[in-house]
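Trainee: The two chains are supplied separately, each in an independent frame; assemble them into the complex guided by the hints.
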Amino acid sequence: MFMYEFLTSIQLYNFLKGPMVWIAFIVFLCGSIYRVSSLAVLAKRDRVVYPYLSLKYAFRSFLHWLVPFGSRNMRLHPWMTLFAFVFHIGIFILPIFLYPHIVLWQQAWGIRWWSLPENVADIATIIMILCCMFFLLRRIFAPEVRLVTYASDYLLLAIVAAPFVTGFMAFHQIIEPYRVIVSLHMLLGEIMLMAIPFSRLGHMLTFWLTRAHTGSEFGVFRHSRDY
Amino acid sequence: MMTMHRKIVSDPGFDETIKTLAPEKIAHTINYVLQKEAAARLKAYVETCIHCGLCNEACHFYVSYDRDPSYSPVAKVRQTIWDMMKKKGKVDAETLKTYARIGFTECNICRRCSMYCPFGIDIGYMMILVRRICGLLKVAPLYLQDQGYSHMYTYSQSWVAQDDWVDTVQFVEEELRMDIRNARIPLDKEGAEFMYSPHSLEAKFKTNLLSNIAKIMNVARADWTMPSFDGWDSTNQSMHLGDYETMGMVERMHFDAAFKLRVKKIVTSECGHSFRAAIYDGSRVLGWKEPPITYLQPTQLFYEFVRDGRIKIAQKLSEPVTVQDPCSIVRNRGLGQMLRSVVKAACEDFREVEPKLEHNFCCTAGSGVINYGPPWKFLRMEGGRVKIEQLQSTGAKIVIAPCHSCHKTIEEMIDYYKVNMHVMFISELLVKTMEIPDDLKPAQSGKAET
Chain A
1228 MFMYEFLTSI QLYNFLKGPM VWIAFIVFLC GSIYRVSSLA VLAKRDRVVY PYLSLKYAFR
1288 SFLHWLVPFG SRNMRLHPWM TLFAFVFHIG IFILPIFLYP HIVLWQQAWG IRWWSLPENV
1348 ADIATIIMIL CCMFFLLRRI FAPEVRLVTY ASDYLLLAIV AAPFVTGFMA FHQIIEPYRV
1408 IVSLHMLLGE IMLMAIPFSR LGHMLTFWLT RAHTGSEFGV FRHSRDY
Chain B
271 MMTMHRKIVS DPGFDETIKT LAPEKIAHTI NYVLQKEAAA RLKAYVETCI HCGLCNEACH
331 FYVSYDRDPS YSPVAKVRQT IWDMMKKKGK VDAETLKTYA RIGFTECNIC RRCSMYCPFG
391 IDIGYMMILV RRICGLLKVA PLYLQDQGYS HMYTYSQSWV AQDDWVDTVQ FVEEELRMDI
451 RNARIPLDKE GAEFMYSPHS LEAKFKTNLL SNIAKIMNVA RADWTMPSFD GWDSTNQSMH
511 LGDYETMGMV ERMHFDAAFK LRVKKIVTSE CGHSFRAAIY DGSRVLGWKE PPITYLQPTQ
571 LFYEFVRDGR IKIAQKLSEP VTVQDPCSIV RNRGLGQMLR SVVKAACEDF REVEPKLEHN
631 FCCTAGSGVI NYGPPWKFLR MEGGRVKIEQ LQSTGAKIVI APCHSCHKTI EEMIDYYKVN
691 MHVMFISELL VKTMEIPDDL KPAQSGKAET
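In order, the protein sequence lines correspond to chains A and B. When we follow the numbering used here, the leftmost residue of the first sequence carries the number 1228, and every step to the right adds one. When we follow the numbering used here, the leftmost residue of the second sequence carries the number 271, and every step to the right adds one.
These are calculated hints, taken from the structure and not from any lab test. Since the structure is predicted, the reported quantities are computational estimates derived from the model, not experimental observations. Be aware that a few hints might be false.
With a straight-line Cα cutoff of 25 angstroms, these simulated DSS-like cross-link-like pairs (lysine-lysine) come out [claimed, not checked]:
| # | chain 1 | residue 1 | chain 2 | residue 2 |
| --- | --- | --- | --- | --- |
| 1 | B | Lys476 | B | Lys535 |
| 2 | A | Lys1271 | B | Lys559 |
| 3 | B | Lys367 | B | Lys306 |
| 4 | B | Lys459 | B | Lys474 |
| 5 | B | Lys313 | A | Lys1271 |
| 6 | A | Lys1271 | B | Lys586 |
| 7 | B | Lys358 | B | Lys408 |
| 8 | B | Lys711 | B | Lys582 |
| 9 | B | Lys614 | B | Lys586 |
| 10 | B | Lys356 | B | Lys289 |
| 11 | B | Lys277 | B | Lys367 |
| 12 | A | Lys1283 | B | Lys559 |
Computed far set for chain B versus chain A, every beta-carbon distance over 12 angstroms [unchecked claim]:
| # | residue |
| --- | --- |
| 13 | Trp429 |
| 14 | Gln660 |
| 15 | Lys702 |
Each residue gets a CB set at the ideal place from its N, CA and C atoms; glycine is no exception.
Next up, chain B with everything else stripped away, as it sits in the complex (with noise of 0.2 angstroms):
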């Protein structure tokens, strides 16, 4: 009755894995999971669903894969939850991996479908919880594992050292300084009124990112600073393995980071995931509500510095532009206005998607998806075809995405498909066109610093 096509990806997180698992200890698992762990959500799903397949429409992958069925959110549903409460977690490794791939590869937990359901069951939910049984069974993508241990040892996502991490903030400081006179760039400042805190990619091979946050900061004579120590970094990869142990302690060590330097507001970097995990998942593992700090997605504030007159826009972009609406930052947290302004302040020629905002489709890259390495890539390429073609059919020629795994799979996407375009963060498109002070401009060379 079911027919599932899909390409055979060889991937030692779930090939190896799999090897070492005894029954028992899935089932175990499982039910601990789904019995001890979840409870009214998920049994007020399971028993409300009517099996409509009304949600088929809100998902990238089934408008991508010329709607197959088989990539349905009720069908991954069907695939997974229903599967293993049927089974009574009594299934065999190969299953687990079937699981796996469902919840960790066809599914970016971007909650889309929870918009489309006619009671509003949150899907992405369910497949958290997939995600959290093969995450504890150790059954998902390596690079994906790979991330969770190195948040592990050295509290950032991609093994940068602390001692790495200060070296890093030197030597941008002293490169931007070529930009901007006399740049800083503050380590631990005490009771400054934000602290920024970066991708872990920025501090290992996307250092210009850095940079043009400082830039902006210096420009926007911002009260800024970063830790020097550990929870410098605001990545979570942990949330996307199910890893909510990890996850809540590096969400800790990045509040606690904030309020060892009694900052007033943290602003993460351009990213999707590291807000929604700090706000949202990580927040409520730890017991709060909302943030305990107030916490900034860059949107917000380069937008309260476009509206304060603290950047000024010197020469506005003239290419045709449009956004992407990032899942994390728009349906989980309603910024697209605001990416809309700040937009509109720095470009000529504004170009609205459609569908947009809240019903912006996934990049197909959220929820470590891009971070899963080559054998995933496919995946991405393909399932995002929905997505190049509504970018594409704004006739812009640049995309603004406030985030990273937007903005590097639609990049990719853009190469794979062959379109001309090109993505850009928001910082990067401010640091184009905002006006540079007179006392800020780098002295001419031959003259004398004063």
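Looking at chain A on its own, in the form it has when it is part of the complex (with noise of 0.2 angstroms):
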């Protein structure tokens, strides 16, 4: 009962929409910035990363690993390259031109920017439960991805697509009352946040450090093609 009370109040409710995502930002953006910074300065014991990087060739990397079948291996996995893109791409546009969001943002601090409209929203939040069913499935039942999947990838797989279902849920009010439901959703999203630069999600971060050292050592080091 108590529980209940809780997690329908108004005060929740206020938290989670106010102090929790200041809360959520700082330590989504400190963090991502201690992340990459500690990897930078690490790199330099690492003698190796720092005088063979190269604008040109990381940035030739960039392109051909985020342009959809700009790589060999994309073409040799379609749908995987599909559903990761799709995901990928999902994952920022959606949350960001999501017409209740900017609803909030335009409360706070009085901007708001277009939108998408609500039923291509829709649509597309069912589009990013599927892509997290492909790579649960995947994760199942491809023998090479089973292998290598431990209990933590599920988990980030869950935090990932808690806010989506949840997401889809509020807006069809499915649940009783929606106050609740818009609270759950509320705080799943802030965890994600907050989950990517202390987690393997952190390759969001990451990904460009890899690539541009890769890229550049096959550029100006292996005059080859990483891709």
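Mentor: Given below as structure tokens:
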């Protein structure tokens, strides 16, 4: 009974909508800066990283791995490439251009921008959930992926999928009262944001570092392509 | 959860040495290498890997063993580096043997997987760390350890001492004069353009290869030399053992020989690993960004000779020919187009391979695996199945492989899989097809030499 009151309380809702957002963004930003800068400092000890770095070849590498089917391996795994690209584009576009999110920005800071039409956003959310399902099934049924899957991999997938699942439920008001699911949605979104610098979700940050190194190494020294 | 089917192989380098290892020593070595020597790259790679399993297609072992997931690159990291980190180095000798088996015998450090990982994670680098750890603890294939000791003792890979070397050169020169009039193999010629640095096998039982190179140099009228003193051997098996100290020493001897003779360029033998050791691992250990002297693989030299008309092709080869792109010179240095250019100049019917250039599959003998001796031959034969299938599908009868490891293992696979094919070095191809100028043709028998 207490739990029910807590979850439906306006105080929790206001906390998650206000201070907790600040906390989540600060943790995310500071954590990210720490993660990237600590690696950048450590890379000095690895004497072979900085001397070979090249902007040109780093960007050649980024380009080939950020354009769908830009590398041979993506062409070898067309389904994975499709789902992975849709998912990674969606995880940026959807939260930023979702109308209810923009309304919150407007209420807080009075700023607003273009938003996705309601039905488009709804379908996109379903697609995102399907992508997560694809990743989950791949982890369970593809032997080469199952072999390197740990409990933490399922947890990470759950952390990423949860905001989309709860967001979808909130939009369709599947659970009553509405405020419970919205609070849950906000909490899970904030957890995901804070988890990025401190988990393997941080590949969002380190992608640029490892790719820049490998791309430069291949371009500057090995005179061959890394895609 | 994890099923690994592996043949039991008895190799004293693994089985005997683990008996003497104390757990504290293992833990100390693992932690020293992972925490003191490895830095940002290891940390970034381990923390970035999202366990997606997309690197599997890159590995020739994975493909050849019917997509057995335990051969996928990330599975090898899981069974070695992740395991060591999780246990903080506290592992028993049997586990160390498993690490060594994976690091030494199930990865050729061809670095194809770093081209297939979406994050560009250099899995080869992590396998080098595994080799480093096991090498420091002397848990490595016996044959490879033997060659490591040979480098320490004779500065050559196969116990060829300096006096043997000079003797070999002299009889090769004498024999060469039957084909080339007044052929010379100049030793210790100061200020020459090239210093040719052979594979130690060329001084031991493959002297015909040394003879081929000498023939080409004579026909191209190159200003070349070789050192009579230590540093003549370009090989470096210590690199494969993870013995950076000996590797650095061997490379320094090698560069020093060139500086002593004041030559302009070093040309290594048609070998992949010695090229990699000199320009990549060795140079970096010695603190050079690029090798301190222009360092050529024969592919580059022959390309220049053919392009500049110093070598003319008299009679092109008529059989269908394809190429093997050795990892150390193509993926690691982009010499694939030069290789094709020479082969096309000397052959009428060139067949392209698929996948080609940097996407080519490793021959399964790279990074010392060719030298592990009879106990491990099955591994190269089984792991190279995809290689022989790839070469067979071109329909070629001759494979040009400018690398000792590729050459030997493909020749053995041809025998093992009963394929109608033959492997040649580029030097062999040129010797067969090049034009020998009249003034270099040996005098007719019966006539006095002038």
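Trainee: Against the structure shown, which of the earlier numbered hints fail to hold, in ascending order?
Mentor: 6
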